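Next come the chains, spelled out residue by residue.
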Amino acid sequence: MTSVELINIEKHYGGFHALKDVNLTIAEGEFVVMVGPSGCGKSTLLKTIAGLETTSAGTLRIKGRDVTRLEPGDRGIAMVFQSYALYPHMTVAENMGFGLRMAKRPKAEIEAAVARAAKILRLEEQLEKKPKQLSGGQRQRVAIGRAITRSPDVFLFDEPLSNLDAALRTQMRVELSTLHAELGSTMIYVTHDQVEAMTMASRIVVLNRGSIEQVGAPLELYNNPDNVFVAGFLGAPRMNFVAGQVTEVSGSSARVVCAGGLEVGFEALVGKVSVGEAVTLGIRPERLRLDDAAARIRFTGSVRLTEYLGRETIVYVDAGPLVTTGSDSGTNVFTVQIADVRPFHNGSVVSLGFDPADAYLFAADGRTLTPPKAVAKI
Amino acid sequence: MYPRPLADDAPVRRFAYASMVVLILALWLVPLMAVMTTSLRSFEEVMAGNYWGWPKSFNFIENYMAVFTQTAMARYFLNSLIVTLPSVVGVLVLSTLTGYVLSRYRFRGANLMFALFVGGNFLPAQIMMIPVRDLMVSIGLYDTYYALIVFHVAFQTGFATLFMRNFIAALPDELFQAARAEGASPWQTLRHVVLPLIRPALAALAILTFTFVWNDYFWAIVLTQSDAVKPVTAGLNNLRGEWVSAWNLVAAATILVAIPPVVMFFLMQRHFIAGLTVGAVKG
Amino acid sequence: MSTFWRSHRYWIAPTLFIMPGALLFGVVIILASVETIWISFFDWDGVGAKQWVGLANYAQLLDDSQFYVSLKNNLIWLAMFMLAPPLGLALALLLNQPIRGMRVVKSLFFVPLVLASVTVGVVFTWVYDPTFGLLSLIFSSFGSTAPALLSDEHLVTFAVVVAALWPQVAFCLVLFLAGLNNLSEDLIGAGRVDGARGWPMLIHVILPQLREVSFIALAVTVIGALRSFDMVAVMTSGGPFGSSTVLAYQMYEQSIFSYRFGYGAAITTVLFVIMAVFIAWYLRTLLRPEREGI
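So the protein lines, in turn, are chains A, B and C. Per the working numbering, the first sequence starts with residue 187, numbered consecutively. Per the working numbering, the second sequence starts with residue 825, numbered consecutively. Per the working numbering, the third sequence starts with residue 279, numbered consecutively.
Note that these hints are calculated values from the structure, not bench results. Here the structure is a predicted model, which means the values were calculated and not measured.
The following label-pair restraints were derived from C-beta to C-beta distances: (1) C/L386 - B/I963: 42 to 48 Å; (2) A/K290 - C/A554: 47 to 53 Å; (3) B/F1090 - C/L372: 18 to 24 Å; (4) C/L485 - B/E886: 49 to 55 Å.
Quick reminder that beta carbons are idealized off the backbone N, C-alpha and C, glycines included.
This is chain A alone, in the form it adopts within the complex (with noise of 0.2 Å):
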């Protein structure tokens, strides 16, 4: 049963065209969470759905029940703010239940709701507590308590985590996977961290300049995304690119030639190619071997710089002609991720390896030209 359905959404701030064309169905009990980078539009099309933000074109349906000019209150929705929004002149029993106050609903009522989330987050020694009293992952618990309370057909998140240190974050994260598991709840989720996108979501939208790139499940967006911006946007540290041109096409395979004379062919690609085409190579991190004479495309560089960060070890590595673009570092080398801890010397000479199956390649409108490789099913 669809939830959320969200129909050719469009969003003007005076000049500025913040939602194009977002169309977007929800199924019950999805927990989907939206990324992009800071000013795509995640936190307008979440404020759209609250109806905190007023649409300039397109139609909202909750439940099946056209809701696009109803007010947030009347919409069955619930949302968690990024700072909380607590009021702090009322104890936490009495910001959980604010709303059903609004709504003038019996005392007994509201009291059950808020004993029930209550116990639900643990928070009923806190009931009587200000919001001031409370710590970071405490107030945290509350503002969702007070989602809980309303009964919502759609839980909203706004950046609920940002405001809390790593440790409380990764805590928390794993509170409201199981909160989700437990009340069987629709949530829509923004964030602009993956690692939560990644690791909470049933499917991950993942949106750029106002519009939508691409829909899936984490997996799937990781190891298949449609184009150079979903490829570059998930996965940390960032996938390498390197740009090339096409020298030779043949049926599905081509052969792609990169600065320094790096040679790659490519097969059974599913978009059209033609000689002397600008491409974009990419290859994730953790599929650069190093040192490994097995790989089947091959090329030396130097050590920049080494991470070791315990269970893995991050290497920068200067491959001369053979520059990168768009790197994490900012610098144009490469990003390799191995698995183990080895020493590396800055300045020694690497060979970096990769087999073409690993690669992928992007055509010059960013679209991925290479086949979907196999994702494991979970």
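Please arrange chains B and C on chain A, whose structure you already have, making use of the hints.
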């Protein structure tokens, strides 16, 4: 901090500094102190010309009792209270409403309306004197408390709107979004979210408005005539003419006029200063 | 009805909220002010019929020597009031020390601010009194006689302004103390590390941070100087021989005592035009951040 705080271990400098400050303060307040002491002097002493020396006798009760019994000051004092207190309440109510709307709703003309509220507050009183006086005469309010109350509420709403708007605009926007998302109506939001959060602003605004209205002189002489409604400021000026030589009584009356705002100020100093600066500087 | 209310309450409610304040202010303050400008084109005694005279009131102003006296006095007010912000700042710098008891001292300095202008007027009339005033006391201790400030045509306006400066300096003091309280400790620290102290510190590090407060102090002082009425009314009633009137007082006198409402309206319109320049300047600066914010 600037200037740099005086070192704790420089007792000489600290003492020099403290003496200088006290001296300047004494000079600063000498006119007021003199009036205060004179309000305690006996009539004979005033007649003898002892205005600045130490009083020979302290006639506190006699003088202040005389002001209340022999002059219309008690009446004026009461009039001022009858005008000021409802004015303060009216200003608080109206400016909470206007400030809430102007800070939380965007609509065409909102900026113009805000500019008029703020700008109107700086107009010279005389520019509205004739029509306001006319209006009060024609609706029969001239020389009643209502004339002053209506005018003060209207005029102070200008400054108060600036004040409330800035204060409410400084509240986190997400609180209002949360209230909307939970289905609170504008009235419910005002009642349950805004009002509890603006209590300090209301307190500050209340004493500021009280001081402004209490201290008003111009409208007191333009809109009232009879002793039955005349506020203390206009009353004091009359008294000065009638009791030319009884300076001890005039001084006592002067102090009486000053007491309510000064007491208010000392009781709620923090609010008063925050209010004055928040109102002037953007919140 | 209920569905209509539910779907429209989000603009009906704010409209209802803003209505009382906007209406009252609009009619009593704004409309009345506009009406005064209208009245300035009439000859009117305040009771009988108004008679259209066009610009005659303004033409008459140009020939009215009293008008020039008022204008000149307004300029004296303005010029002397310019002392208030620097004096306020100087006092603030003096008093901004974290010493026990300083809070009380500061509040005592603030006291003139909360006094009614009538109170200030009465107090200073008394200070200036040539026979028993503080001034005469000082002069006689030097063996000379104090000038009768308030009955001297040349000195009277200065005397009144000095009295009016008392609360005005206190007001600027409050603003600057608040400003000094909000200084960035980091910037001052950076200045100290860079070797700034005393004057250079004040000029390059402190004053730039007090810009907003200084602007407010200046604007409020200018507007206060031009609006002056109470002190003149209380201390001199414009005398002696009209030598201490200001535009605001002349207007009041012409309207209330001489029943020349049209003429009075013309005077206050002139005052309004002068002030409008400053009010517009103030509003522009005050509202500019709003525009950027949207």
